[in-house]
Amino acid sequence: MWWKQKKIAIILLAVLLSGWTVVVRAETDTLKVLQLNIWHEGTQVEGGFQAIVDEIIHAEADVAFLSEVRNYEGVPFVPRLIEALRQKGVVYYGEYSPLDVGILSRYPILEQEDVRATDKGEGSGSLLRALLQVGNRKVAVYSAHLDYKNYACYLPRGYDGATWKKMDAPVTDADSVLQANSLAYREELIRLFVQKAKEDRERFAVVLLGGDFNEPSHLDWQEDTRHLWDHRGVVVNWDCSSLLQNAGYKDAYRVIYPNPVTHPGFTFPSDNNRVPVDKLAWAPEADERDRIDFIYYAGVAIQPLSAKVVGPSRSIVRGERVEEHTSDVFLTPLGVWPSDHKGVLVTFLLR
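Numbering (our numbering), first residue to last: 685 to 1035.
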């Protein structure tokens, strides 16, 4: 065998002397991840359930995080959705959960866990965990739907974030805005996620979080946007995004598009041409557009390659349907749009 080893050594020496480069490539895969608020399982729009099916297929999502699952009349929504997708010739995995979130995956689900809904009443937040087998990797994924109450980003816009009624004057003090924001239970759920996912980050190469946060990102409310979209000069370091950034998580959309002026990526309120405007807007005399649906990631073995806003290219501004003229890339609906939100779709490289 010595002569074979000597032959290999001579070949390697020749390669080095010739200036060639030897590249050893790790196995790589792409993973397309979709976050979508499905607006009470699509029940608010005629044909909404079938539209959810069609848009998941349209997005070619490998993983889909769903918010506003209801399991109406005792019928488990995720198994129902999986069967509808199967009838279209597309195989997804997923399991029932009593929480108002769901996870679909084109890869096998090794385990699923209801991390918990907060104990502060209905609507105060849900967090669901699943462990996926993606090729030879294990990927931990979390679907979150955060407390919708005390929607403090309305305060600078002149609307009460608890009653959604117009106020006498906007609140333009950032500390007051954050104090009102802290009355919600969003921060508590994100802290729970960070703690729960700590072990996953130690054991596995990749952790993903998708959800409707009902709260903007601090990356979208800084000096460059303080006079846009009725921010009224206010700079706000929103709690949840700040917590995640400090814990080492990256906002995938902002990694791809770091400029919130050219790529605001608004996900709410979305236009929906099958729904009256007054059912889509909560602050009808304000510009209430924000990015409140997110996909976060952590791990050295993952990086985002591209990102799109999924849904109509129109939004609701001051009670009117308005076409967006930003640089955001849209994956527009095939037909019926099932939601009052837009989704976000990120393609990742797994190394």
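Think of the hints as simulated: they come from the structure by calculation, not from any bench.
The model shown is predicted, which means the values in this text are computed figures rather than measured ones.
Honestly, I wouldn't trust all of these hints.
[To be verified] Derived pair list, reagent style BS3-like, types lysine-lysine, alpha-carbon separation capped at 25 Å:
# : residue 1 : residue 2
1 : K849      : K833
2 : K882      : K716
3 : K850      : K963
4 : K934      : K880
5 : K804      : K716
[Said to hold, decoys possible] Label-pair ranges, simulated between beta-carbon atoms:
# : residue 1 : residue 2 : range
6 : K822      : G758      : 28 to 34 Å
7 : D713      : N930      : 37 to 43 Å
8 : V759      : P942      : 40 to 46 Å
9 : G819      : R1002     : 46 to 52 Å
Cβ coordinates follow ideal geometry from the N, Cα and C atoms, glycine included.
Quick rundown of the hints versus the structure:
For the hint linking K849 to K833, the alpha-carbon distance of about 13 Å falls within 25 Å, and the restraint holds. Taking the CA atoms of K882 and K716, the gap is about 23 Å. The hint holds against a cut of 25 Å. Proposed proximity of K850 and K963 is supported: the alpha carbons are some 16 Å apart, at most 25 Å. Simply put, K934 and K880 have alpha-carbon atoms about 17 Å apart, close enough for the 25 Å limit, and the pair holds.
Of the supplied pair hints, the one linking K804 and K716 is violated, its CA atoms being roughly 33 Å apart against a limit of 25 Å. With their beta carbons about 33 Å apart, K822 and G758 fall inside the hinted range of 28 to 34 Å. At roughly 29 Å, the beta carbons of D713 and N930 sit outside the given window of 37 to 43 Å. A C-beta distance of roughly 43 Å is found between V759 and P942, which places it inside the suggested range of 40 to 46 Å.
Between G819 and R1002 the C-beta distance comes to about 48 Å, which sits within the given range of 46 to 52 Å.
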